[in-house]
Amino acid sequence: MIFNDLELKTAPWEGEVRIPSGCAVSAIIDRTGKKMTGEKIIRSIATMHDRSNGLGGGFAGYGIYPDYKEYYAFHLFYNDFHAKKETEDFLMQHFEVAYSSEMKTRKLKSITNEPVIYRYFLYPLSKRLANSLLDEERYVVKCVNKINAEIKGAFVFSSGKDMGIFKGVGYPEDIGKFYLLDEEYEGYSWTAHGRYPTNTPGWWGGAHPFGLLDYSIVHNGEISSYDANRRYIEMFGYKCSLQTDTEVITYVIDYLLRVKKLTLQEVAKVISASFWSTIEEKTEEEQREEIFLRKAFPSLLITGPFSIIFGFSGGIMALNDRLKLRSMVCAEKGDIAYVSSEECGIRAVEPAVDKIFAPAGGQPVIYTLKGGAL
Amino acid sequence: METYIPPEYEVVRNFELCTSCRLCERQCANEVHKYDADLKKMIANSQKCVNCHRCVCLCPTHALKIIKNPDVYRLNSNWSEQTMNEVYRQADSGGVLLSSMGNPNDYPVYFNKILLNASQVTNPPIDPLREPMETVVYLGKKDVELKRDINGRLVDNLPPQLKLSVPVMFSAMSYGSISYNAHEALARAAEELGIFYNTGEGGLHRDFYKYGKNTIVQVASGRFGVHADYLSAAAAIEIKMGQGAKPGIGGHLPGMKISDEVSKTRMIPKGIDAISPAPHHDIYSIEDLRQLIYTIKEATAYTKPVIVKVAAVHNVAAIASGIARSGADIIAIDGFRGGTGAAPTRIRDNVGIPIELALAQVDERLRQEGIRDSVSVVVAGSVHSSADVVKAIALGADACYVGTAALLALGCHLCRSCHTGKCNWGIATQREDLVKRLNPDVGYKRLVNLVTAWRHEIQEMMGAMGINSVEALRGNRLMLRGVGLNETELKILGIRHAGESM
Numbered sequence: 001m002i003f004n005d006l007e008l009k010t011a012p013w014e015g016e017v018r019i020p021s022g023c024a025v026s027a028i029i030d031r032t033g034k035k036m037t038g039e040k041i042i043r044s045i046a047t048m049h050d051r052s053n054g055l056g057g058g059f060a061g062y063g064i065y066p067d068y069k070e071y072y073a074f075h076l077f078y079n080d081f082h083a084k085k086e087t088e089d090f091l092m093q094h095f096e097v098a099y100s101s102e103m104k105t106r107k108l109k110s111i112t113n114e115p116v117i118y119r120y121f122l123y124p125l126s127k128r129l130a131n132s133l134l135d136e137e138r139y140v141v142k143c144v145n146k147i148n149a150e151i152k153g154a155f156v157f158s159s160g161k162d163m164g165i166f167k168g169v170g171y172p173e174d175i176g177k178f179y180l181l182d183e184e185y186e187g188y189s190w191t192a193h194g195r196y197p198t199n200t201p202g203w204w205g206g207a208h209p210f211g212l213l214d215y216s217i218v219h220n221g222e223i224s225s226y227d228a229n230r231r232y233i234e235m236f237g238y239k240c241s242l243q244t245d246t247e248v249i250t251y252v253i254d255y256l257l258r259v260k261k262l263t264l265q266e267v268a269k270v271i272s273a274s275f276w277s278t279i280e281e282k283t284e285e286e287q288r289e290e291i292f293l294r295k296a297f298p299s300l301l302i303t304g305p306f307s308i309i310f311g312f313s314g315g316i317m318a319l320n321d322r323l324k325l326r327s328m329v330c331a332e333k334g335d336i337a338y339v340s341s342e343e344c345g346i347r348a349v350e351p352a353v354d355k356i357f358a359p360a361g362g363q364p365v366i367y368t369l370k371g372g373a374l
Numbered sequence: 001m002e003t004y005i006p007p008e009y010e011v012v013r014n015f016e017l018c019t020s021c022r023l024c025e026r027q028c029a030n031e032v033h034k035y036d037a038d039l040k041k042m043i044a045n046s047q048k049c050v051n052c053h054r055c056v057c058l059c060p061t062h063a064l065k066i067i068k069n070p071d072v073y074r075l076n077s078n079w080s081e082q083t084m085n086e087v088y089r090q091a092d093s094g095g096v097l098l099s100s101m102g103n104p105n106d107y108p109v110y111f112n113k114i115l116l117n118a119s120q121v122t123n124p125p126i127d128p129l130r131e132p133m134e135t136v137v138y139l140g141k142k143d144v145e146l147k148r149d150i151n152g153r154l155v156d157n158l159p160p161q162l163k164l165s166v167p168v169m170f171s172a173m174s175y176g177s178i179s180y181n182a183h184e185a186l187a188r189a190a191e192e193l194g195i196f197y198n199t200g201e202g203g204l205h206r207d208f209y210k211y212g213k214n215t216i217v218q219v220a221s222g223r224f225g226v227h228a229d230y231l232s233a234a235a236a237i238e239i240k241m242g243q244g245a246k247p248g249i250g251g252h253l254p255g256m257k258i259s260d261e262v263s264k265t266r267m268i269p270k271g272i273d274a275i276s277p278a279p280h281h282d283i284y285s286i287e288d289l290r291q292l293i294y295t296i297k298e299a300t301a302y303t304k305p306v307i308v309k310v311a312a313v314h315n316v317a318a319i320a321s322g323i324a325r326s327g328a329d330i331i332a333i334d335g336f337r338g339g340t341g342a343a344p345t346r347i348r349d350n351v352g353i354p355i356e357l358a359l360a361q362v363d364e365r366l367r368q369e370g371i372r373d374s375v376s377v378v379v380a381g382s383v384h385s386s387a388d389v390v391k392a393i394a395l396g397a398d399a400c401y402v403g404t405a406a407l408l409a410l411g412c413h414l415c416r417s418c419h420t421g422k423c424n425w426g427i428a429t430q431r432e433d434l435v436k437r438l439n440p441d442v443g444y445k446r447l448v449n450l451v452t453a454w455r456h457e458i459q460e461m462m463g464a465m466g467i468n469s470v471e472a473l474r475g476n477r478l479m480l481r482g483v484g485l486n487e488t489e490l491k492i493l494g495i496r497h498a499g500e501s502m
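Protein sequences, first through last, are from chains A and B. Using my numbering, the final residue of the first sequence is 374, and nothing's skipped along the way. Using my numbering, the final residue of the second sequence is 502, and nothing's skipped along the way.
The following block holds chain A by itself, in its conformation from the complex (with noise of 0.2 Å):
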């Protein structure tokens, strides 16, 4: 756990408490590929300044490190020089560093208290990782999970490749501004929150986007099936440090997709699986396979009210509780795609759209780019 100053600590912190929140999330998606600022996506979330209390506020994007694409960048939020030596130690120890700079910041008026925040480009030592008998892949998250756990004072708060989380305690505008994303930034795709907590004292790493290596989610909503969910994924390795939401959905949907192979659409069944009366009337085969996702993952579930844009590399998923018991709205204009929880989110930065919808609950929509992942 990391925090910028003991003496102020009087309410417990994230990871010590699940603290509900409400949100607004925003996600624009250019599906050509074409690269854009943040500039878009600050403008689609500060129309819905009221949904958040300035408590946090974040955004992931996509395809923003074309330099660096095959390395994992890793972002990291310190408490001090010493969590920095520490935590460089181990990186040196684990992987090739190609390239190391402190953030490039704004200073902003309403952004205060950050912490020194660091950003690194990786690749694991081959001999290590070797040794460690893992793929890729899970060597850096273990890596990523010692760091959370082990190191105080040190939070890695994004470590995909050819992306980028960016987050901090403020309004979410502000925080796109105090990260430069409107100038330093072009990705394809971006997503974005801002957060309503109802109870923290303001943790940087807990504030939104939430990440596991390129995947990343923004939530709102509170689910009532958390401890369900959570006591279930951790049999597989994966540990909730953080008690929210958000983090326990990234586990859920890592595990369908990358340990259990499922398609985007197989995962929307599970954890925003059809009501039993709605399965009934579908085909006999839609009938066979929905069954058998709710027969053989009941634990995935997720109850309660969410929406959800998940992002990974090349697309985003949007996907809303299967009551729909939050409002998320998806337009389109050629071919950009957004995705906001409310309306006004899409109309401040694109006001023609050619198609404008509200998904039903569970159902996902899909924008990938065309031709694959960059």
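Calculated directly from the structure, the hints in this document are not laboratory data. One or more of the hints may lead you astray.
List of simulated lysine-lysine pairs, BS3-like, C-alpha gap at most 25 Å [stated by the list, open to error]:
hint	chain 1	residue 1	chain 2	residue 2
1	A	LYS260	B	LYS65
2	A	LYS295	B	LYS297
3	B	LYS142	A	LYS295
4	A	LYS239	B	LYS142
5	B	LYS65	B	LYS41
6	A	LYS295	B	LYS163
Counterexamples of contact, computed for chain A against chain B with all Cβ distances above 12 Å [unchecked claim]:
hint	residue
7	LYS34
8	ALA149
9	GLU186
10	GLU234
11	LYS282
12	GLU289
13	GLU290
14	LEU293
15	SER313
16	LEU325
All values reported here derive from a predicted model rather than from experimental measurement. Ideal placement from N, C-alpha and C gives every residue a C-beta, glycine not left out.
Please arrange chain B on chain A, whose structure you already have, making use of the hints.
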């Protein structure tokens, strides 16, 4: 006999209301009531009364009540009346004391010290009157490698599953310990409800093969009534290794309950006590259990789930882990308050542990070992209400067995005299005149009503928590809080104390 013991209960008759219709006399198999022609009034022998309330409920003028006999021994906090009476009884008979139904003693009931959560403001409760609220559960192994056909579609390669419309089943109660009519009521109710009842170790009467789709048959240490047709008639097969009311010992059916039909169904002699052995004589260790599990699977061509039922004892978590690795599809755990048709009193009252603690430990252990998906967990042993079902599922159970509550629905008043075979309610008896008092048409409807009511209540409680499917409740311990529990108890249950936040 029992000359040293005053009646525990006293029959009190209001003679202003009594019309001497003699109904109480005809209803009482214990021969408590009698018409005294000389006195021209009804008299009662309270010594014989078991307080089953049959006469009280049926008296047309409500002239009767049974009260705890106010007569007391010289007050003594060390030697209770019960303890003293037991000494007198044993001094009389020289025998092991027998009892029925679950442990009645004053041990903590953990379900009553657990409270549920509800949603408000930051997430909404869900209204089961207006939205779907799912209670369907599938029991069985889930841990399969996913396979796809040549078109890339997922193949359902799960081992056989039991589908329950609501996570409640009727516990094992054998034909013999309970009556034909009681069995018929349970079978028909299970069929109508889309759940299962359990034959216990008494075999399956040939008339009830038609309810096979909703029947779990038991294979116990006595192998009573076990044959090929019996196994193939069932939806699932349960190996009974233990019972919560009498861990470590076998079953006991008193000879007077072994009628012609019971004898035929069990394939044992009529009128002689049927005492099944404490162990299965082919199971002296876990690897032997594995062989029996696979013997049964072979015999039924791997088409039916195999349940292994154990009593909740101190090392139940390790036992469950062993069973999960031995091919069982479902583990049933029976807590120390579970009922019985007959058990030695000392065993019933002193052996085993509460189901809440056993369940919490088993679920946690199976998760720690990463094998929770290898088995479903069903719990029994005093599940009193729908609230207990919800709490058990949130602690980690897949479903609950209810026995005593089902018998109460059929009229049982918990007089705990099943072993005498003289059940005035027609449940725990084989005497034809008594059995016919339980009308299966009425009985089955009452069971359907009970489970339907519980289902509604489960939906209400889930909805309040913002959960619209029972799958998302299972193991969701954050929804539970303990009150008045100490640190150790909370740790074992894996829940926080009331007042601690999420």
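Verification of the hints:
Proposed proximity of LYS260/A and LYS65/B is contradicted: the alpha carbons are some 65 Å apart, above 25 Å. Restraint check: the Cα-Cα separation between LYS295/A and LYS297/B comes to about 21 Å, which is no more than 25 Å; the hinted pair holds. Among the hinted pairs, LYS142/B with LYS295/A is consistent with the structure: their alpha-carbon atoms are about 7 Å apart, no more than 25 Å. With a CA separation close to 22 Å, the supplied pair LYS239/A and LYS142/B stays within the 25 Å bound.
With a CA separation close to 17 Å, the supplied pair LYS65/B and LYS41/B stays within the 25 Å bound. The hinted pair formed by LYS295/A and LYS163/B meets the criterion: a straight-line CA distance of about 10 Å does not exceed 25 Å. No Cβ of chain B comes within 12 Å of the Cβ of LYS34/A; the nearest lies about 31 Å off, and the non-interface call holds. Every C-beta of chain B lies more than 12 Å from that of ALA149/A, the closest at about 18 Å, which supports listing it as non-interface.
Interface exclusion of GLU186/A from chain B stands, the closest Cβ pair being 36 Å apart, more than 12 Å. Interface exclusion of GLU234/A from chain B breaks down, the closest Cβ pair being 7 Å apart, not more than 12 Å. The Cβ of LYS282/A sits about 14 Å from the closest Cβ of chain B, beyond the 12 Å cut-off, so the non-interface label holds. A cut-off of 12 Å between C-beta atoms contradicts the statement that GLU289/A is not in contact with chain B; the least separation is 6 Å.
Non-interface status of GLU290/A relative to chain B is broken: a Cβ of that chain comes within 12 Å, the nearest being about 10 Å off. The non-interface label for LEU293/A is inconsistent with chain B: the shortest C-beta to C-beta separation is roughly 7 Å, within 12 Å. The claim that SER313/A is not at the interface with chain B holds, since no C-beta of that chain comes within 12 Å of its own (minimum 22 Å). Residue placement check: LEU325/A does not keep its beta carbon more than 12 Å from all beta carbons of chain B (closest about 6 Å).
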